[in-house]
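> Quick note, the sequences are listed as chains A and B, same order.
Mapping of the first sequence onto the UniProt record's numbering: residues 1 to 675, in sequence order.
Mapping of the second sequence onto the UniProt record's numbering: residues 1 to 675, in sequence order.
Please note that a few of the clues may not be correct.
One copy or any two copies: either way a pair holds, since identical chains are not told apart in the list.
[To be verified] In the SDA-like style, the derived pairs of lysine to any residue whose C-alpha atoms are separated by at most 25 Å in a straight line are:
| no. | residue 1 | residue 2 |
| --- | --- | --- |
| 1 | K113 | T148 |
| 2 | K471 | Q346 |
| 3 | K619 | R543 |
| 4 | K539 | L182 |
| 5 | K619 | T606 |
| 6 | K619 | D604 |
| 7 | K59 | E87 |
| 8 | K306 | R296 |
| 9 | K174 | P353 |
| 10 | K471 | T603 |
| 11 | K91 | M80 |
| 12 | K366 | P349 |
| 13 | K392 | T606 |
| 14 | K619 | V503 |
Hints listed in this document are in silico derivations from the structure and should not be mistaken for laboratory results.
2 protein chains.
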Amino acid sequence: MSAQRVAVLQRQLQATIPAGEASSSALQPQPTSAIALRQLPRFDVTLMEHFLDNQLALKAEVYELFRQHPELLVAEEEGMTKEEHRELVRKCLRVILAAGFSPMSFFARDHAKYFNLAELLSLVDLSLTVKLGVQYSLWGGSVINLGTERHRRKYFDDIDRFRLPGCFAMTELKHGSNVAGLQTEAILDVHTDEWIVNTPDDGAIKWWIGNAAEDGKMATVPSPDGSGALDDHGVHAFIVPLRDDGGALWPGVEIHDCGYKVGLNGIDNGAIRFTSVRVPRENLLDRFATVDRSGRYSSPMTSATKRFAATLGELTGGRVGLTCASVGVLKGALTIAVRYSAQRQQFGPPDAPEVAVLDYPSQQMKLMPMLATCYALYFAKNKLVEKYCEMKRTKDEVLVADVHTLSAGLKAYTTSYTNTAIGICRECCGGHGYAARPAASSLCTSSADIFQTFEGDNTVLLQQVAALLLKEYRDSFRGSPLAATWSYLKVWAQDSLPANPLVTHETDVSHLRDPAFLVRALRYRSARLLHTLAARLRKHSRRVGEFTAWNKCLLHVLALSRAHIESVMLVEMLAAVNACVDPDCRRSLKALADLFALDRIYTDITFRNDDYIAPEKAKAIYRLIEALCGEVRGVAVPLVDAFAIPDHILRSPIGLSTTSVDPYSEYLAAAGFDS
Amino acid sequence: MSAQRVAVLQRQLQATIPAGEASSSALQPQPTSAIALRQLPRFDVTLMEHFLDNQLALKAEVYELFRQHPELLVAEEEGMTKEEHRELVRKCLRVILAAGFSPMSFFARDHAKYFNLAELLSLVDLSLTVKLGVQYSLWGGSVINLGTERHRRKYFDDIDRFRLPGCFAMTELKHGSNVAGLQTEAILDVHTDEWIVNTPDDGAIKWWIGNAAEDGKMATVPSPDGSGALDDHGVHAFIVPLRDDGGALWPGVEIHDCGYKVGLNGIDNGAIRFTSVRVPRENLLDRFATVDRSGRYSSPMTSATKRFAATLGELTGGRVGLTCASVGVLKGALTIAVRYSAQRQQFGPPDAPEVAVLDYPSQQMKLMPMLATCYALYFAKNKLVEKYCEMKRTKDEVLVADVHTLSAGLKAYTTSYTNTAIGICRECCGGHGYAARPAASSLCTSSADIFQTFEGDNTVLLQQVAALLLKEYRDSFRGSPLAATWSYLKVWAQDSLPANPLVTHETDVSHLRDPAFLVRALRYRSARLLHTLAARLRKHSRRVGEFTAWNKCLLHVLALSRAHIESVMLVEMLAAVNACVDPDCRRSLKALADLFALDRIYTDITFRNDDYIAPEKAKAIYRLIEALCGEVRGVAVPLVDAFAIPDHILRSPIGLSTTSVDPYSEYLAAAGFDS
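The shape of chain A in the complex, shown without the other chains:
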């Protein structure tokens, strides 16, 4: 398909409303025709596909590459050793590089393309996506974002071509989330003009370091120094050699394989102990601070806290990548579960054909809100990527904070959601969802699971969201500007709380599907949680100090962060509804948006505790959710078809894109039966 045709379709599909207007017009009630409950019109799948994806050419190119290399499309679950799996991942990477892709350039300059690649590869092999993340986002990203032009010039091409595989060696055995607690030392020896990098005790051994066990030749090592030139200046990052060109370990470097893991065995995670490893002074990645020949320290940034934040801030790219990959996995799992459920028949009325399992409300209630959430996450993720690109371009400070919050929150929300969702999708496919061959491994949580932990433990990341919201909330009363994503919080916190009692009891479907009601409800929740959290923290802090006060309120903190992310998701979803000019696609998207929001409003107890939603309204919402599940079921297959994952990538005989082939025939053949 030509890029031109895509561009034309894009123009047809996307209304030219600027983002700001789109989200405010999302608050306008929809015409009645979109509200009434009835069959959703069958939309044109290609139109929807093109509305969703504005990089179809990249997708076609990448997936075509793997069509030409079927030997690379093997599943981890098929009894590979970790060494075999790692070699497979390296082969995949080499094929991508040989085809002319330049992942390091993407990461450094063409961000949207990089993140799209991460999402696309997640369905090839999650280990491959992570390998890409380790090499380009973590290792390469640390060099180009924490280093200066000198480092970039020296290493860029070798990193890009994988001639210089490297690591980002942050996590230690005893310190993961608490980065400020890292203990690896870097001390400057002014006599030799070298840093001495040292692991002071076993707890400080670097652990889970991707690329370390087999491939890594160098590592970026973030280390607070115990003594010496950087004393009291906080965490800094150094480039430390691990292996020479022949692959032999560098003097003073001890590396062991972290061994088999529950999943992602295509990644060579290793544990590293440094025993007084000497590296040149220039190996300090010195964008935020430098040390001269005499050992004098200087930094353009005034405080150690700001420097620490700026250093860690450069890790946002990794979280954006994980969010994209996780959405990719979710799309894959849903594609299989929806298609299988639509064709698998079991039980039926007496003397009548059996019924498709997707026609059972139990299956619908599992899969339809998940499909709605997947779409919402997809649009929210697009927004995140867009903001990230803008931030990289403008370096605007408010935007930096916004992207930091949104990437932390969406990474946490998406990866937790996807992990749970995959399990449910597997269960929805019964026994056939448990087969690894031919790969239904998209239905296996083993690999996606750890996404909840790495690049920031989800519980910790969610706290960062709340912390930033609180900070901005307090600042806003002092007149500072607010980022677009959370500007609603100020308005709402000052707005009429508690709710209007009339609205509390309103049960009309046109009200319940009015975007104004839905957005207001989710925003009300975040604002209310923020408002009450601020008050509780103030109260407790006076008595027990900030650390304990925060932890006393921890569940409240987490609820606020999730609520905020869901309100962002809804707004982006509704903006997409508005941006979609094809009426049929739009109807389905609107139904998904409503289902997503109503599902959250119904299940979140916060609304009940506040009497924001009266019991009879809750019951009306539940009836509407059931009805919407039924409606969406009618277009569920086209909705996953629009993800347009080619069969040779999905590799699931129970989730084939065509309905003209008996779905079981490939399955039988793969097991060895002639048919």
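Place chain B on chain A using the hints.
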């Protein structure tokens, strides 16, 4: 430890209240001392262990066996091929048999011992538990329960010694849950006095049959006949040979390996096609129906429906076994997560030591209600085993229905719960919970996942619970007797509904922790759901017929079944509190019971929709849940220590039973570091 000492301790610990009285006295308020919120006393772990487990000798014996065979304690995640894993499982089984255990005798006569063995082995290797289930409960069980003395005599010893490995070949490619839809044919050839067993089309190929791919020499094949002697008599079971003594396939039998699965690769699942396989007439398992030399059919049971129910009813044992194994897995995962969280430190107040992650409310809210649920499931499972044994002894019809319902419901509830719980436990252990070596594979859902599907899909099983409750509910109005487990439903459905408005608003802690309130609340919910479901079904059935009416109400049906199981769990948990005479143990058990019940009452929206729990009461419950999480946290480690899983079985360096060893040292050594 001697059996005698155990018996003495048992007497000390268990109050001699008969089961019936125990559950009614569970409704009495506890003395105030047990209600007040404060630190729970540190109890004696050995006392608790002995209170929990009345087969300590079996446990010691089985686990000692594996201590002597460390070569068998390898984890599936460590890069084994499926063939290697299957051989490992066979070796384990042989060791068990060589030690003098007779699993077939246990299953046939010493039921409690059999189920206990299933639970114990679940922590050795889940594939081993399933292998045991396939050979003894499914294959052996079908022979002894569906066959007659003749079959038992002929096969019992060979099955027991694994000289005759066999299968229970029920599931077909296109029919799993809908057993009545099976299509494999068995037709009697009166001329040769043989059954001709045939697979009419590819959809009827037997699929996922455990023991089939490598080991099976025979299979029990439940088949409805398309024509011939059994015409219109429904599903019957036949013994069909698969392989001769040399392992060669029997004429007309085609078997293929189902290949790699997401987990449980130690089980040789196979797919079987029968092409007119001839078996002697005597191979019909004829306890419920027989066919004579002339082809005349006779059955002691009057209707095909009853015969079908009786045949499937004999599968309850499998569900009891899976429930036990699933509780075992949950205990293992919790043991690791709680111990690790208690010692892992991360972050802390300024200039103070870091804090154990278990001290964070976020971690407590994940793990403490789970610990409470684990105890509740454990006691409920014990009750199920007890009832099963009684049913086998008395063959009482009401008890048969009770055990059928309870085993279906508990299997579904436990396996779903455990699957979700393992994932949360893994996340609670961060990166170190993701290592497969040394095995933290208890934190991996891959194997436990499929428990939700096999031996009855959970969604289907839950419907059976509701169906039986409805039947008995209707019968009860005609004066039929009710089983003990659900007798409350009748009383409550006739009792004062809706709730007393005073109780709805009562927020006092002594009220909220009063067993009478807790039991009443959970029973109210089930009774109300049953009552309203019956009314809805009546209404819809008139219009759209029973099948559609049922499916229209499906989510209501599932909610009822889960609610019923939770009310059973609470009553058994409170009965255990009453039966425990050690005051310290009892205090902890009571706190767990309260936490379990309050957690369910708070999170289930049903209570809010009915206004049974007013918002201010809900908030008081939430505060109490938070406080109870804090209390239970104080005894969380002893509570998992009381499960007494030996370190060599748990094989988790981050979950060691002793606190005297640095938990990381074994971990470091395993990775290859000298320390």
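> Find the hints from earlier in the document that the structure breaks and name them by number, from lowest to highest.
Of the numbered hints given earlier, those the structure breaks are 4, 10 and 13, listed in rising order.
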